[in-house]
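Trainee: Residue numbers (our numbering), protein chains in the order written: chain B, 1 to 367; chain G, 1001 to 1244.
Accuracy of the hints is not assured; some may be wrong.
[Claimed, not checked] Distance ranges between label pairs, derived from CB positions:
1) B:263 <-> G:1087: 45 to 51 Å
2) B:298 <-> G:1056: 55 to 61 Å
3) G:1162 <-> B:137: 49 to 55 Å
4) G:1205 <-> B:161: 36 to 42 Å
5) G:1221 <-> B:223: 53 to 59 Å
6) B:137 <-> G:1060: 39 to 45 Å
It should be emphasised that the hints constitute simulated quantities derived from the structure, not laboratory data. Idealized CB from N, CA, C, for every residue including glycine.
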Amino acid sequence: MGEHPYRGLPAKSFWNATVRDAPSGDIDPVGRFELELSPETRVATSGSCFAQHIARHLSASGLNYFIAEDAHPLTPRPVAAAHQYGVYSARFGNVYTARQLLQLFRRAHGSFEPQEDVWIESDGSALDPFRPTVQPGGFANEAEMRADRAYHLSAVRRMFSELDVLIFTLGLTECWRSRADGAVFPICPGVSGGVFDPALHEFYNQTLADVHADMSQFLEGLRSVNPRARVMLTVSPVPLAATAAAGGNVVSATVYSKSVLRVAAEMLAQENEHVQYFPSYEIITGPGARGAYYAEDLRNVTEAGVAHVMKVFMAHATLKSEASRVEAIPSERPAPQLAPAAGAAAAYASASQWVEALCDEQLLDQT
Amino acid sequence: MSTTKTTIIGDSHTIAIKDGFAKRGGADLGEVMIDRLQQIKNGVLREGVAESELEEIAAAAQPGDLIVSVLGGNQFNVFGLMRHPEPFDFIEPGDPDEALDPEARAIPVKIMEATFERFVRGRDGKLLKKLAGGKATVLHLEAPPPKDDDAFILSHAETYFKKLDISTVGLSKPALRRKLWRLQSRMTKALCDEIGVVFVPAPDATKDPSGFLKRDYYGRDATHANAAYGVVVLDQIAGHPRGA
């Protein structure tokens, strides 16, 4: 047997060693990953609903989860949590698409002011079209909404300029946007506020070129306000709740969307030294998990899946010299079962077995 | 024929009513009992009605009797009498001051409501529920309106505020104090409506045109009213219909 390029490669290069022979709960799909976090590193989070899990674990891990926008100190913590403070680094709700992230950056820095920027509901309350679910029941009126948004956007500016690492989870390519100026909404108008008007709103499914361009522009903007910022990209393993693509099927649409996002993330990581890709998508969706990281609805991710992602993340991202200073993520859940559990209905009934993130997109299935 | 009873129970705002009773008398109130809840302060038990007695009081009351709650009422002062290091403001529906303070952080009123709901439905709400549900009509008195005289407040602040160095920290703006009072009252009324308790607003005669407590009704400290206020409130109670 002669020499060939595969000889001498590390175990992670080989399927059998990495997947077939590894305990399911220990599969580690990380390739190149050069991000190191210390307890002093300010880590900000944003993204689709899966990113909430990352944020939640970060805040409990001993790492420096950077909250740029918290509730007023007089607000009791349960009340703050109910109003989505701390879910992400600022109260922007879920940021599903690359365009949304770019738009958030531009709005925060005054380079984009969407025309459709308030929704007045039938009860007189006001919603922020770009985060319509962060304030349950809506804002008292437009003035309150605008005051809160001004504070919010100033916090977003601070987040971008002061963070050390941004973890961004790419979630969707499908979006709804304003025909007037291209502003994208996190959820279709009319689903969780606002009124859908086909004359004003249109569906758009981002292409690979779109996602790459939007993310590249965002990275450029972030660099301009924070040259030291590093970015970790992940792709949400949560399938689409619904597709609006003409003639589309939600399963195929999910594969399209995740494929585009995964490729875009790879391209961005290869092109930008300060950008890393972390394979949470692979941990949850990979054959090694045998589907066990999905809840009974086959969409939501179980706590065990999230714990696996965070275990691998912490193993790679925590400075080895700092390891003792950062608490390991407690393994609250057993490793995934290798075969579908009997009595699945009982497991489904147990909400503790899976995690329901505050996923606006899920509202699509309730309309 | 037995005499109807008026039982007035509460916390510190009960003092003004007790003092008012001393001035006014209460022949039109039937048999009157005014007392505060027991409290342990600085390690010393101050005698009064035990919380465990409230249900017995409610059960013993007869139709035609009045039970008047003066429970709590000062949360809005504890929350916002002093200027917070991160000044805040909010829009209180119906408040004369609809504008937000541009120098303060705007807190959505829904968040303020959720915050005060926890206060209102905490200890005070639980005790009020013990008084409700019997044969007597149960009233809950709105807390006296806030004072707008900053100099008076600073010079007459209670020990609680002095320990927090109120003179250095300073006061929140009067408009905010009024909003907090209105918010607390709104949340308390909602609870009262739920549990069959009549929420009795502070008498209009005690408020100035801006809704603050008139100077004539100031008590000796930053947050309480005086005997004259107690007299007006007792008139209010005496005029309230009693169940048959």
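Trainee: Now tell me if each hint is right for this structure.
Mentor: Against the structure, the hints:
In this structure the supplied range 45 to 51 Å holds for residue 263 (chain B) paired with residue 1087 (chain G), their Cβ-Cβ distance being about 49 Å. For the pair residue 298 (chain B) and residue 1056 (chain G), the supplied restraint of 55 to 61 Å holds, since their beta-carbon distance comes to about 57 Å. A beta carbon spacing of about 39 Å between residue 1162 (chain G) and residue 137 (chain B) contradicts the range 49 to 55 Å that was offered as a hint. Between residue 1205 (chain G) and residue 161 (chain B), the C-beta spacing of about 55 Å breaks the proposed range 36 to 42 Å.
Distance hint check for residue 1221 (chain G) and residue 223 (chain B): the Cβ-Cβ separation is about 58 Å, which falls inside the suggested range of 53 to 59 Å. Hint check: residue 137 (chain B) to residue 1060 (chain G), Cβ distance near 41 Å, so the stated range 39 to 45 Å holds.
Checked against the numbered hints above, the structure violates hints 3, 4; every other hint is satisfied.
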